[in-house]
Amino acid sequence: MAPMTAQGEEGAGAEMHALVERLYPLCRSITGDGVRTTLDIVGEYVPLRVHEVPTGTQVLDWTVPQEWNIRDAYIADPAGNRVVDFAASSLHVLGYSVPVSATMPLSELREHLHTLPDHPNWVPYRTSYYTPEWGFCLAQETLDALPDGEYEVRIDSTVADGHLTYAEHVVPGQVTDEVIVSCHVCHPSLANDNLAGIAVATFLARALAEQTPYYTYRFLFAPGTIGAITWLARNAERIDQVKHGLVLACAGDRGQLTYKQSRRGDAEIDRVMRHVLTASERPYRIVEFTPYGYDERQFCSPGFDLGVGSLSRTPYAGYPEYHTSADNPDFVSPGAMADTLAVCREACAVLDRNRRYRNLSPYGEPQLGRRGLYDALGGRSDTKQAQMAMLWVLSLSDGEHSLLGVAERSGLPFDTVAAAADALHRAGLIKA
Amino acid sequence: MAPMTAQGEEGAGAEMHALVERLYPLCRSITGDGVRTTLDIVGEYVPLRVHEVPTGTQVLDWTVPQEWNIRDAYIADPAGNRVVDFAASSLHVLGYSVPVSATMPLSELREHLHTLPDHPNWVPYRTSYYTPEWGFCLAQETLDALPDGEYEVRIDSTVADGHLTYAEHVVPGQVTDEVIVSCHVCHPSLANDNLAGIAVATFLARALAEQTPYYTYRFLFAPGTIGAITWLARNAERIDQVKHGLVLACAGDRGQLTYKQSRRGDAEIDRVMRHVLTASERPYRIVEFTPYGYDERQFCSPGFDLGVGSLSRTPYAGYPEYHTSADNPDFVSPGAMADTLAVCREACAVLDRNRRYRNLSPYGEPQLGRRGLYDALGGRSDTKQAQMAMLWVLSLSDGEHSLLGVAERSGLPFDTVAAAADALHRAGLIKA
Amino acid sequence: MAPMTAQGEEGAGAEMHALVERLYPLCRSITGDGVRTTLDIVGEYVPLRVHEVPTGTQVLDWTVPQEWNIRDAYIADPAGNRVVDFAASSLHVLGYSVPVSATMPLSELREHLHTLPDHPNWVPYRTSYYTPEWGFCLAQETLDALPDGEYEVRIDSTVADGHLTYAEHVVPGQVTDEVIVSCHVCHPSLANDNLAGIAVATFLARALAEQTPYYTYRFLFAPGTIGAITWLARNAERIDQVKHGLVLACAGDRGQLTYKQSRRGDAEIDRVMRHVLTASERPYRIVEFTPYGYDERQFCSPGFDLGVGSLSRTPYAGYPEYHTSADNPDFVSPGAMADTLAVCREACAVLDRNRRYRNLSPYGEPQLGRRGLYDALGGRSDTKQAQMAMLWVLSLSDGEHSLLGVAERSGLPFDTVAAAADALHRAGLIKA
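Chains as they are written, first to last, in full-length UniProt numbering: chain D, 1 to 432; chain W, 1 to 432; chain H, 1 to 432.
Errors might be hidden in some of the hints.
Treat identical chains as interchangeable: a pair holds within one or across any two.
[What the hints assert, rightly or not] Cross-link-like lysine to aspartate or glutamate pairs, in silico, DMTMM-like; alpha carbons within 20 angstroms at most:
{"id": "1", "residue 1": "LYS243", "residue 2": "GLU268"}
{"id": "2", "residue 1": "LYS243", "residue 2": "GLU400"}
{"id": "3", "residue 1": "LYS243", "residue 2": "GLU346"}
{"id": "4", "residue 1": "LYS384", "residue 2": "GLU288"}
{"id": "5", "residue 1": "LYS243", "residue 2": "ASP305"}
{"id": "6", "residue 1": "LYS243", "residue 2": "GLU168"}
The hints are simulated quantities; they were obtained by calculation from the structure and are not laboratory data.
Quick caveat: nothing in here was measured; it's all calculated off a predicted structure.
Excised from the complex, chain D in its bound form (with noise of 0.2 angstroms):
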């Protein structure tokens, strides 16, 4: 396991930087060898129990595919130089492609070449899970400069029965009620998306692992969709014990973090991530559930409907570099991913503490100068808010109302609202 380093969230930029330059290079698809030894490095970093699970297995609507591997791919020109080459980037290759090993005219190639070309000198990614295809994707300011002639092409790929992996870690709470985090591990060199989730979820985890938190917290290190819905399928009997959960996606981009909201749109989770965003001087952004997006399209699926959003920097399709090249280790910043990491530490510091009091005594306000909740209380203008915070958890605590919303109600940091009733509650004064 790796050491841990000091807890500053700037070291662990570092850090998260670093493995997402580790994981860059590896060929990653929704199954294979790749994500095993993705997630063998995971495993480096946080304790990881993975799962294989055969082709062919039914999993809720869906099976799962067969199996994709690859060792090598390359276009050669009539000179037989390396043209394209699968070992210079993963992108290369079309993801699944099946083998070919052939020689044809450029005219002929062309059919299967991927370019962007009003971004001549990046490379797309483009895939083909469930139709058998095979291609390369190159810059277009390569393929400009092919000449005519014949051409070698050759991907050594096997698409066959074998396994979809995925893996889960898990950091023990004080219930056994459950917060998933999620994140998805099946895109190839591509940094953003999701190399900086992987890394944020990682790191989350060990942050979490330090002291015991309320609530278990699932991390759950899947390809997007068939891994999301394979582990809801042999989970049945564990989903009602998921109270809450957040996908990361598009985590260390430069731009303002995003929030979209669960399906519910009034999930607590939603609440927390709320109150979290709008009360750092972060600018951020909160935008309604669709059913399109990553893994929270499962989650909150109908027939689930968890409380799952999704955080990201700039989400999706959003900016430029998505799903191409350049969506590079130098696409993501230390800082922004140790910023992504702050903002889930403190929506799970709320969630964690966020409950639901009863004042044992209701009628009236009870006396707390003769509890000593007064003098308890350090400097001036800190005493008067966390005397309104007592005030207000007394006034709101009956049965109805959270700490999240009598912080939301008060106006109040939510820090302020649970020491109070941390206070209230060494008194006597509310109960759980």
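Using the hints provided, position chains W and H relative to the given structure of chain D.
Same frame as chain D, but now just chains W and H:
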């Protein structure tokens, strides 16, 4: 029956205007032969079932009044010239005037004369349904030009036991649940109020009959207030089948469309009209329910509280020509009536397709690709919207959201959402 | 009993100001003879039932404290001059000061002196109810002028078993359901906080008694916090009858009116005050409930959660003169107190007439003309509003909407709506 024209709404605009011009000269009131002739003419366009309800019949809190008919009326000046003549305009006689045949000085006659001093060349529209009176309406400048002297006044009218007349036209639907479309037929020579409404209702009925609609549409051509009350009194057993309704009034002036919500404010017709008007490029106004206006007053009375709104262009009393001779056929335009008709048709189309579905594969997303639901779908940007619409329908088909609800939440056009639902329904993924 | 004046609110303003001036010199606290004398004087205006509750009595979470009385107090300088003298202002002594009789150097005395350096010629108001202490309050410029030397300090006070004193005045209504009007009587020589509140409460009681109100109005003159808690503790069986309430505080300064909503936020008193303030031409502010302020804290504690709001002009701590000698009779104006009183009276008038009716003819509109309900109604524009009000009352009298709800939805004045309801009620068209 008048021949059906090509279905361009412009053609319909011209035809509706021709109908307005044909109905314009008739002297309508809440009872009498003017109403019967009006219904005869409308009956040339759509078959009508005409009802005759005897004077004295108890209808809810009201009693059907005596029938009013008028053959001739005039004021002759001292020289014997007819200076005000019913033959020139039905507005010249106070509605429900009792008969009179007398000679009197101008000073005495004045008490029975109604003018509009602010619009000296317009003739006002006045009635006295429930207090026996007689009177004439004329232009202020006509009055100003009258010399002193003895005037002959004659109103050859009868107020006697008879009937209240109204008519229904039904477009049968796939279900017996009904949409009511109502327009008042009691105003004499006033084009916007309400010959335009009659014309739009008539042509809406013809358009709906082109294919069997989902709902059964019942068109009601009845005098205002007492007519709607009579219909409600005689159709107590049918009320439960009335699911939606629209009152058409002031439907032909050149102002922007105005939708007045039902008393409930959130009835399906309210949401449909909001969606149709918001989605269109038209300027429009949506206003709250008030218990004053046209027959929505009766349909929305608290005992019935039906989901009935009202569609106008410039609403009741909102234009200076209201209830004057300036509300003539020139005041309404073929284009404006065609536009009102178009919105009515769009609203009916949404109403008719608005269902609540249940996702039969609600756990995770169903695999759409396997069912060809990505291929079956035309051009590129269309495809994207169609796919989003399918995901939205799947996400929200929980038995709570209608397709209109899906359109509202997703911001997608209703048509796209409904087409997606059709595709999913054919694929067996949702059921109604 | 003081003679009742002409009912012009201006006259009442002058009388209220006279009452403030009369009460101003008294040294009030949460117990003691100052409270008793205050209640004696108020009792000259409205009959009071005075309650004496012994020291040591348990009241909810609190205990009635010992009684404090003071006869004299001063600081004499080395030359023997009384430089601070209780006889000049009751503010000069720290409330609940224990007795002291000593000579000490200025340096030692300073620890017991309270000033306002930012307002060097104002005397602050300070208390120490539950921690035994003694002290003096004085102007900073008085303190600055004191020469070094030995000072004689003397406080001739007693803190001893006795009673807590409060009083009630009841205006009997047509029903036993109660409205509570509460004002704190525990502050010494401070005019706005709360002699103005006492004066407005007193004159409101007199005004209500002029005719039997619908509700029974209970006026509570009690020390802040401990007084309200004592009343609540001793009236447990009566709480269910308290339907609405208003706490009056800071009711006489020249600032705009401020209504602080009850904890519930949508209590009837909240809606009434919103309506009255919105309908008036006055500037005003409506603020959310907070669990800090005056005795609404106790009435709105979660166990009681009564519909009690608070009416002030500039609220607590919102003006620099707050809790200083600058809050003197000049700080409050007859006009401001009259204005506060007028709003209280309007609010009571709305509360008292606010009923929920049921339309007895809910199917279609009843024929109002037949019942003379169009004739019975004065001038032209009045008539129109009165007719609209009748239609609105008929439309919304479904057992769900109160007259206030009708006024809110229709935008009509409450009086017009209530008059329409009276007319309809007389005609047998609605029942309560």
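Problem - 20 angstroms Cα threshold - placement of GLU346 relative to LYS243 - result: This pair counts as within: shortest intra-copy Cα distance 17 angstroms, inter-copy 43 angstroms.
Practice task
Could you figure out if LYS384 and GLU288 sit no more than 20 angstroms apart (CA to CA) within one copy, between two copies, both or neither?
Solution key: Classified as between; 19 angstroms across copies, 37 angstroms inside a copy.
Handout entry: Homo-oligomer pair classification [GLU268, LYS243; C-alpha up to 20 angstroms]
Key = Only inside one copy: LYS243 and GLU268 sit 9 angstroms apart there, 34 angstroms across copies, limit 20 angstroms.
Handout entry: Identical-chain pair category, LYS243 with GLU168, by Cα at 20 angstroms
Key = within (17 angstroms within a copy, 52 angstroms between copies)
Handout entry: Status of ASP305 relative to LYS243 across identical chains (alpha carbons, at most 20 angstroms)
Key = within (11 angstroms within a copy, 31 angstroms between copies)
Exercise for the section: Measure nothing new, just compare the shortest in-copy and cross-copy C-alpha distances for LYS243 and GLU400 to 20 angstroms and report within, between, both or neither. Expected result: For LYS243 and GLU400, the Cα distance is within 20 angstroms only inside one copy (18 angstroms; across copies 22 angstroms).
Hint compliance for this structure: no hint is broken.
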